[in-house]
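Peer 1: Sequence:
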Amino acid sequence: MINCLLIKITNNSRGLPVRNYRTLNATELMIGRSAECNIHLADPRIAMHHAVIKELEDGHLYVVSINGEIEVDGAMLQNIKLIPGKQIMIGPYQLNVEPAPPDVNLSVSLTLVNPLSDDYQDLKARTHEPLPNAFKFKWRLSMWLIAFISLVFLVLPLAQNLIPQLQSSMSELPFGFDRVWSSGRMSTAHRHFGSQC
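Mapped onto full-length UniProt numbering, the consecutive letters of the sequence shown carry residue numbers 1 to 197.
Hints listed in this document are in silico derivations from the structure and should not be mistaken for laboratory results.
Keep in mind that the hints are not guaranteed to be accurate.
In silico SDA-like links for lysine to any residue, alpha-carbon gap of 20 Å or less [what the hints assert, rightly or not]:
no.	residue 1	residue 2
1	8	28
2	8	144
3	54	66
4	86	61
5	136	160
6	54	35
7	81	56
8	81	98
9	54	2
10	81	115
11	81	35
12	8	59
13	81	26
14	86	6
15	86	99
16	81	59
17	8	85
18	86	109
19	54	11
20	54	87
Estimated spans, in silico, between C-beta atoms of each pair [what the hints assert, rightly or not]:
no.	residue 1	residue 2	range
21	71	1	22 to 30 Å
22	148	171	22 to 30 Å
23	189	141	50 to 58 Å
24	60	22	51 to 59 Å
25	189	167	52 to 60 Å
26	159	189	33 to 41 Å
27	78	104	49 to 57 Å
28	86	66	32 to 40 Å
29	18	66	23 to 31 Å
By construction, the Cβ of each residue, glycine as well, lies at the ideal position given by its N, Cα and C atoms.
Please build the complete structure, drawing on both the sequences and the hints.
Peer 2: If you want it as structure tokens, here you go:
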């Protein structure tokens with residue numbers, strides 16, 4: 001049975017370290033992103049079941065890699081013996097083995113040393129503005145399109161119907177400006193009630 005004192009070290013809004021203490025009792029301490037892990041690390045770079053702390057045949061406690069990488073001094077290892085002063089990297093977290101108080105047999109502290117970067121700032125730094133005058137061009141184009149659509153589909157059909165001279169001159173042509181308002185011939189299915197419209 002492992003009686004472990006877990007110390008999670010985070011930074012508050014002023015950037016000062018805050019230590020959160022918790023005691024864990026289990027035969028094995030699972031480390032990972034899964035909610036069922038004893039030591040839950042909510043970081044997408046951590047595997048669901050990343051590593052486990054357990055006692056091996058020699059009677060000492062080890063952190064053993066399951067699906068993730070653990071390293072000491074830049075070297076990737078499968079098993080790392082937990083002795084006071086040992087610093088182990090578990091993904092972006094640093095696990096420090098602390099001197100254990102008398103009532104526990106293991107004391108570890110966890111610190112996030114490689115936090116996720118601010119996505120917006122990272123994207124902003126990598127992005128350039130390829131078309132600095134694109135907004136002005138799009139605005140002018142949209143204004144011209146609004147004017148054209150209003151003229152063809154609203155002003156000219158209304159002028160043809162409201163101005164008698166234009167109406168008489170357009171009657172000689174095969175179609176007029178108000179053609180855009182016409183829905184076409186009535187379908188056969190609608191003819192029986194067409195006279196009621």
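Peer 1: If any of the earlier hints don't hold here, list their numbers in rising order.
Peer 2: Of the numbered hints given earlier, those the structure breaks are 2, 5, 10, 11, 12, 19, 23, 24, 25, 27, 28, listed in rising order.
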